[in-house]
Amino acid sequence: MTAAPSSPIASSISRFPPRRPFRWSVPAQLAARYSPVTIMVYDSPSGIFYRVRVGRLPTEDAARQLADQLRANEQFTTFVVRLDN
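The numbers in our numbering rise by one with no breaks, and the one at position 56 of the sequence shown is 56.
Don't read these hints as lab results, they were simulated from the structure.
Among the hints, erroneous ones may be present.
[What the hints assert, rightly or not] Here are the computed distance ranges between Cβ atoms for each label pair:
hint : residue 1 : residue 2 : range
1    : 48        : 28        : 18 to 28 Å
2    : 38        : 59        : 16 to 26 Å
3    : 65        : 45        : 25 to 35 Å
4    : 61        : 35        : 13 to 23 Å
5    : 45        : 73        : 28 to 38 Å
6    : 71        : 25        : 29 to 39 Å
7    : 79        : 45        : 17 to 27 Å
8    : 77        : 41        : 17 to 27 Å
Backbone N, C-alpha and C fix where the C-beta goes; we use that ideal spot for every residue, glycine too.
Input sequences plus hints: build the corresponding full structure.
Structure below.
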């Protein structure tokens, strides 16, 4: 079991290119089942991408469980990230 971190943790979904329908439809669909869902803009050398983050969890273990759930139920590639305030 992982000790509680100093800042919350979320599950992040792979980055997405800025196609308008996809950029807004995926977070809206996820928000119906998970909370909170946020969109982070990522300005990479290859262009702008959007990262969708799901949850605000107190432990890394809880975030990993959510990532596993998103992977199994939604078929997304996921990873766990620390949320810095």
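Run the structure past the numbered hints and jot down the numbers of the failing ones, going up.
6
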